[in-house]
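Here the structure of chain A is known, so what remains is to put chains B and C in place on it, guided by the hints.
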Amino acid sequence: MTVYLIRRLMQAGLVLAVMSVLVFLGVFAVGDPIEILISPEATQFEKEEARRALGLDLPLWQQYLVFLENAVQGDLGRSFVFNMPAIQVILMRFPATLELALVAMLWTVLFGVPLGLWAGLKPNSVSGKTIMAGSILGFSLPSFWVGLMLIMTFAVMLGWLPSTGRAEPVTMFGITSSLWTAKGWAHVMLPSVNLALGQIALVIRLTRAGVREAMLMDYVKFARAKGLTQRRVIGVHVMKNIMIPIVTVLGLELGSLIAFAVVTESIFAWPGMGKLIIDSINLLDRPIVVAYLMMTVFLVILINFAVDVLYSVLDPRVRLKDSGS
Amino acid sequence: MSGPAAKSAGTTEPKAAAASASPWRLAIEEFFASPVAVVGLVLLLGVVIIAVFAPWISPQNPYDLAQIDIMDGRQPPGTQSMEGLTFWLGSDDQGRDMLSAIFYGLRISLAVGVVSALVALALGTVMGMVAAFFGGWVDSLIMRIVDIQLSFPAILIALILIAVLGQGVDKVVIALITVQWAYYARTVRGTALVERRREYIEAATCLALSRPRILFRHLLPNCLPPLIVVATVQVAGAIALEATLSFLGLGLPITEPSLGLLIANGFEYLLSGKYWISFFPGIALLVTIVAINLVGDQLRDILNPRLKK
Amino acid sequence: MTETLVVENLATHFFTKAGVVKAVDGVSFRVGRGKVLGLVGESGSGKSVTGFSVMGLVDPPGRIVSGAIRFKGENLVGKSEEAWRSLRGARIAMIFQDPMMTLNPVLRIDTQMIEAVQAHERVSAEEARKRARDALGQVGIPSPEERLKAYPHQFSGGMRQRVAIAIALLHKPDLIVADEPTTALDVTIQGQILAEVQSLARDTGTSLIWITHDLSVVAGLADDICVMYAGKVVEQGSVDDVLDHPLHPYTNGLLGSVPSRNRRGEPLRQIPGMTPSLLSLPQGCAFQTRCPRADAACRHNIGMTELREGQFVRCVHPHQEALA
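Chains as they are written, first to last, in this note's numbering: chain A, 1283 to 1607; chain B, 18 to 326; chain C, 68 to 391.
Pulled out of the complex, with its shape left as it was, chain A reads as follows (with noise of 0.2 Å):
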């Protein structure tokens, strides 16, 4: 188990480690950062000194040395829009991605756990099958359209929602979030919801094709042999063989959610780091683009690893044998 882990932590290292290469060459080496950090009126000489001054006379490969110690440090370098530290211009929008992607996890498992658990012991009734069609259209949906028809039905047609924003923060209990109000929920309602569609689709397809394999098995037979009722046998005996999968897709997802919050937040205007690294991609603010690319693969290799670790814990097949060897 612990040789285990050290190996997957020296990978998410080595994984860390290639990313910084690629970010650094990408968007530090190609071009000169000169021309876009000095204003263009600079005379040659302030450019040679400010050259000198950021290390750019240096060769490449102690040019991305500097650039990584820096990072180690934290400092991945100054937004030039905001002039602030990239990684604290990230880190001030972090809360409010995190915020939605959270939300959109509850919806996910709110709907899609029961939905594909509904589909996957009623497989050939109408409700059933209505649910895998609905899966399909999720799974088919473009997500950002579906934002925009979201605006369009609950702002715009019936004004039952906000279709922009985020209400303002409220702290409680030691913990800043916009959903301690209800203004809150009101505005985190549509783009979570978008948010979360296309993941709700998938567990309920991964819950129903869970249930239906699980409920051909032997054990599930046996159990209702020894006399438990319906709802234990459903309730625990296949629940608990499913979850480890759904489980563990769901916190990859994670992943997956807060990346693509980028689209989401575009379209409701949603003040996190998503909506942040697209304008800063078009206003070529290139620190808070490597700052954005550099934490979210690192949260995503975070989140794999822990992950990792909770299917071990799941799993006792998985447990025990690693214990054991």
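Simulated from the structure, these hints should not be mistaken for lab results.
Cβ coordinates follow ideal geometry from the N, Cα and C atoms, glycine included.
Do not take every clue at face value.
[Claimed, not checked] So the derived label-pair ranges between C-beta atoms look like this:
1) V1591(A) - F233(B): 41 to 49 Å
2) A1588(A) - D187(B): 36 to 44 Å
3) E46(B) - S347(C): 17 to 25 Å
4) A1588(A) - F233(B): 39 to 47 Å
5) S347(C) - L158(B): 50 to 58 Å
6) I245(B) - T1463(A): 47 to 55 Å
7) G207(B) - V1591(A): 23 to 31 Å
8) R269(C) - G207(B): 50 to 58 Å
9) M1366(A) - D187(B): 49 to 57 Å
10) L288(B) - K1411(A): 34 to 42 Å
11) E1495(A) - E47(B): 20 to 28 Å
12) T69(C) - Q1512(A): 29 to 37 Å
13) V1591(A) - E149(C): 36 to 44 Å
14) E213(C) - V1591(A): 24 to 32 Å
Relative to chain A, chains B and C alone:
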């Protein structure tokens, strides 16, 4: 059939037809047994025909400035232009006929999706074959890259590439290829490893057939069914991803207006109730993706050997 | 004395897209208190479905279409799901074929045993646990207290089957349906399990239905035997009668395909052909396509006839010579 039914009632007689007809013909017959899949196929054919013949069937060339008039801008569906052309699906802010714009957009979206999927298919197949056939560190290296790449959300990979490479049609296609190739590589390797152990490969090896010959004449055809399934899903995914990137303003340039860009153009008018500029291109995108997925779903059911028995 | 179980004209059919599969078609037998019935047949003969029917565990598209299952005099067919549930595991228990598959892999043994106790009796978890531990000891599992905390994959196949048997014995049922419980095990373990089940059943007065395709297993175990073919009983009687002088050509064929000390040197005979599809059975006797004695007369349906006292057969051309 399931459980005890399968156990006790398992038909032992093979179908008489199965022995004589070729597996491909059987697959085709099975495909047409599902009405939903046939609907998907018909829709897909319709979409492809429209995309291919867009310049000839569109009411106007939406990108010929001589044919459009800004005075016709933002007309709702059904209105007539100043020159007597009916905007069945309305017009955009530049006075373009939406129907024509969608036909042209479909052409671009489909082309980008199919081209990127084909290149990714070729690349992934070669990589998968190489991994399966050479094994050892080559295999570990390729598969490790595949694993790591697949652990990242597709859109994040695309964002990284576009941030690094910059924008443009070629960059988008590169991003789409990068996102997709790993799926093909994994599929091909998996199938190839299974097939490699089969008797017919052993027989071919014993006959001292050359390696490339074994690879391409014997192994590849057997990897085709799962590849076809992956490819349908991937084309749909590529089209959706390209549309998303274009919608974000990071995809195709304005000179190559795909469906995503059309939808983005209509975004600002949505709030004032002029829904058609975004709505109809979205429907076109939806129909395309649903059609591909319906066909893909049925193909998976037919070609998946695990579900066969 | 009332019999523990009387099955009369049981018919369990599966309504599939391809047609109605008559997996069990008019089966009758009885099991006395403390007796062992061997239910013998090839795969596809309907013996497992018969077992599941007795448990009330036939899943759609299958269902019991007619007949009666009288358990201690009470007909169970048509009972509510709750009535079935309260019997299952308590009065009628079942042991499955593959011990690797019957225990839930992600639940600990104690969880799976305690829930089985509490499904039928309102006892504390502690008391239930004690009962579980005793049951494990009873089936010969060493240090049951520690083993309770283990997961199924930490047991060998034979041990798992013992756990399954312990679960079946928890409520001292009147009847245990054992569906080929030793087929998946090593021969040595098979013998141990057989011996143990037999003695446990004898001690507690539990009746057994032992489903198997292996005549040699029932030979030493069963009191009565019921041979099934294509959903119907073709021969039944006491184990000695049926095995010593089988009347049905199918039973005869089955016996010929089992190695035996008495016929050393003789070649093993094999029944030619395969079990027919239940969707396309021939008119009349289902075995006629593989039977060496078949002729035109076999195309008529025929009932069970008692050719010897207590030995019934469904055949136009039975091995009468065996009676002579």
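### Task
Indicate whether the distance between the beta carbons of R269(C) and G207(B) respects the range 50 to 58 Å.
53 Å, holds
### Query
So does G207(B) sit 23 to 31 Å from V1591(A), Cβ to Cβ?
Since G207(B) and V1591(A) have Cβ atoms about 26 Å apart, the given range 23 to 31 Å holds.
### Message
Holds or violated: the 49 to 57 Å window for the beta-carbon distance between M1366(A) and D187(B)?
### Response
35 Å, violated
### Query
Taking the CB of E46(B) and the CB of S347(C), does the distance hold inside 17 to 25 Å?
At 22 Å between Cβs, range holds.
### Query
Between T69(C) and Q1512(A), is the Cβ distance one that fits in 29 to 37 Å?
31 Å Cβ-Cβ, so the 29 to 37 Å window holds.
### Message
Holds or violated: the 24 to 32 Å window for the beta-carbon distance between E213(C) and V1591(A)?
### Response
This hint holds: roughly 27 Å between Cβ atoms.
### Message
Is 39 to 47 Å respected by the C-beta to C-beta distance linking A1588(A) and F233(B)?
### Response
Distance hint for A1588(A), F233(B) holds at roughly 43 Å.
### Message
Is 36 to 44 Å respected by the C-beta to C-beta distance linking V1591(A) and E149(C)?
### Response
Holds, since V1591(A) and E149(C) (Cβ atoms, about 43 Å apart) stay within the stated range.
### Task
Given the hint of 41 to 49 Å, check if V1591(A) and F233(B) actually sit that far apart at their C-beta atoms.
For V1591(A) and F233(B) the Cβ distance comes to about 43 Å; the hint holds.
### Query
Taking 50 to 58 Å as the hint, is the beta-carbon distance of S347(C) and L158(B) inside that range?
55 Å, holds
### Task
Given the hint of 34 to 42 Å, check if L288(B) and K1411(A) actually sit that far apart at their C-beta atoms.
37 Å, holds
### Task
For the range 47 to 55 Å, tell me whether the beta carbons of I245(B) and T1463(A) fit it or not.
Holds - the Cβ-Cβ distance for I245(B) and T1463(A), about 52 Å, lies within 47 to 55 Å.
When held up to the earlier numbered hints, the structure conflicts with hint 9 and nothing else.
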